[in-house]
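Asks: Construct the entire structure; sequences and hints are all you get.
Each chain is listed here by its residues.
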Amino acid sequence: MVSVSSPDAPEPTPRRRIRKRRIASLGILVAALGTIGTLYAGLAPSGSAASNSDPSIARGRQLFLQGCASCHGLNAQGGVRAPSLIGVGAAAVDFRVGTGRMPLQQHGPEAPRKRPVYNNAQIQLLAGYVASLGAGPAIPTNLNYQSADVAFGGSLFRTNCAQCHNFAGSGGALTYGKYAPSLSEATPKQIYEAMITGPENMPVFGDKEITPAQKLAIISYIRTIKTEPNPGGAGLGRVGPVTETAVAWLVGIGALVIVTMWIGSRA
Amino acid sequence: MSDHPTTTSESSPQELVPLSEGSPPERATRTTLRYVDDRLGSANFLKRSMDKVFPDHWSFMLGEIALYSFVILLLSGVYLSLFFHASQRVVVYDGSYQPLRGVSMTDAYASTLHLSFDVRGGLLMRQIHHWAALLFVTSIVVHMFRVFFTGAFRKPRTINWHIGVGLMVLAILEGFAGYSLPDDLLSGTGLRIAYSVAESIPVVGTYVVYFLFGGDYPGQDIISRLFIIHVLLVPGILLALISAHMMILWHQKHTDFPGPGKTEHNVIGTKFYPGFFLKTNGFLFMVFGVCAALAAFAQINPVWLYGPYDAGQVSAGSQPDWYILFLEGSLRMMPNWETHLWHHTISWNILIPGVVIPGIMFTLMAVYPAIESWVEKDKGFHNLLDRPRDKPVRTGLGVMSLTFYMVLVIAGANDILASTFHWSLQATTWVLRVLIIVLPPIAFKITKRICLGLQHHDAALLHHGVETGIIRRLPSGAYIEVEEPLAPQKAETLAAQIGYDHDGHPPALAGSTNGHAAADGGISRPVGALAKTRSKLESFWDEPREDIPDPHVPDDAEHH
Ligand code: HEM
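These protein sequence lines are chains A and B, in that order. In terms of our numbering, the first sequence has 149 at position 149, counting the first letter as 1, and numbering is strictly consecutive. Count along the second sequence from 1, add 267, and you get the number used in our numbering.
Beta-carbon label-pair distances, calculated as ranges: (1) Gly254/A with Gly720/B: 25 to 33 Å; (2) Ala754/B with Ala255/A: 30 to 38 Å; (3) Glu185/A with Ala578/B: 30 to 38 Å; (4) Glu185/A with Lys757/B: 56 to 64 Å.
Footprint (simulated), chain A over chain B, 3 or more residues, beta carbon under 8 Å: (5) 571-577; (6) 581-590.
Since the hints were made in silico from the structure, they are not lab data. Virtual Cβ for every residue (Gly too), placed ideally from N, Cα, C.
Replies: What follows is the structure in structure tokens.
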């Protein structure tokens, strides 16, 4: 189990039909954030009550002032360039900084995944500082996804994630230059964090919608198909028939036309 | 080609040759023929068949790719049918593919998984079948463009052109039916779209889909019906049409490009046996080889990754096979228009791109030969092909249609493009909407220009010879480039291609293409709107070609 789950979370009924979710509806997003906020209020150990005298929080604040405050404001209250970070939680910071999306380097439709600028210890400090400003999702630990039900995770994945990330997590286009990235590089922890924080255009999947055990099943599925070899040969990017088309024309017909010309020239 | 040993001109006299004469393959044929003839008395037919002459040009083999991939489809398809269950009964998967164990799915999907993971050679066979299907449709399209751009569709071959259009439509249908059989998430999404397209047809649409699907989507019947359509109905019709196609081809003999000694009344090339027979058999194995190699090294339609069809699920980048992509593209490109009339919704956003546009495309394809011969008042027989450049308007129209089609295909993959290149999906769609209107006419203009340029180049070659790159200074001080006349054989071929007749007369110019203007007694005034349209179209089609000089009149004007 995960440390962040509430103790009385019901065990998931396997293969229960999961309702189809609306994409990035603001209402749901706000509601979900609210739910999560309350849910974690009691769980976050380093809540706002924790005094700023904690030396690690002071160090985190130091890093924040150097690398983030120019956009997010001196007290992470937000500004014209970036939103407030009060209440986004440690998980959001760990995800954004751990995937290299923050500090933002270039304004575009979406912050791309990059090499992280901070090392793990620094990210923990930053996350601790932001978490001290207001309660939010904590960084998940002990993600014991190996024992989760892969097939169930697959069904959940197709219901909740495939419409944006594609059937095999290869990524896909969203509107106006935004895209759902490929999931091949995300670590189990980052996958979990993405679900509970809903970065940018991705909706938040609260524990009411997808229980922690179900989240582990999804992670298990993503990791399984990622490492699974393609039994049929080259995977062709796992994006469906478009690359197959290219191969059929360039390699298939291309090769045969060359053969025809060759036979023709020797006849 | 005429110097090649096996090259023959059909209509060569047949005399009885002693059995011991000739090369080993020739002797083998003769012995076999004698054997059969002694018993059936049919050798005359066989002999004629064996001596059938096939002209040599690589592009004449494109149709054969289609033929051989069809053979592969039949063979691999039979193997698949042994294991595939065309049933929508819901089962719980317990095969060897771990990430789907315990999932509820239809028997159709489960049996496809079984084929892929638990049947010996099953996955390879599925992949061979699917790659061959892509090659089948692809080669049909490429073959069709060869026929179009060389004018091989003209009388007397119009019926074969129509059969070809039918074959193409059926091949697309067959592919779609097959693609839908495994009942995976992607094909189910495609079937769902097909359902809405059929439903959008005013008045009858709802009844048609109810009849086809046996109720609301997805119903219980569609997979078993598609199965019969896919393994029996359409292959049967395809087989019949392909046979008709080949018999007509056999009977009418193959067309050929103009060249020395080639006329509207002869065929020059390789005898069916042994030359063409060996060539075409080699080719059969090449097509087999390419399919097998693709199937062995490139994964296709990994249905286990798509998951079983579920109405509540959809994947990003749900594309059909490429031959349906143009429909997908036209649907994606269409603005969202609907009209509400007396409690009915007319979904223009589906009706126009899904029914009207493909309808127009295939109709135009079918009637093009009639339009061209009507406009050109051309009722003649044509056994010699045109080179694309010699028919700038036809070639232009062809490239124009191809451009239109390509934009549709690309639009079908707009999300893949957008996510690959990080473009905005909306902007991509809008750019494609503009391109589909702007690009085709531009393509027409450019193609026509290129054709005329090539004609000019040919004429110059024939008339002045090859530019050697050697510059010489004349006593007058001017510089000229030394030109070398073409080798006689090349010149003869080129002259024939440009259209000089055997006496070296240059080709007829516009207005008298088929001699009708002269026969009509000069200028005839068109009467009636139809006639006027025709005469306008005719002058558009027959715009004067680049001036072609007569090779027999020495050219003494100074050039350069
Ligand atoms: C003539 C042209 C044909 C075309 C274009 C065609 C195309 C296709 C395609 C695209 C599929 C999906 C394959 C996949 O699973 O990836 C398919 C499946 C199938 N085809 Fe065909 N096919 C043809 C002829 C036949 C014939 C003649 C038979 C049987 C006698 C046949 C039997 C099957 C069966 C049983 C399946 C489902 C099995 C499976 O999906 O693994 N096909 N076909």
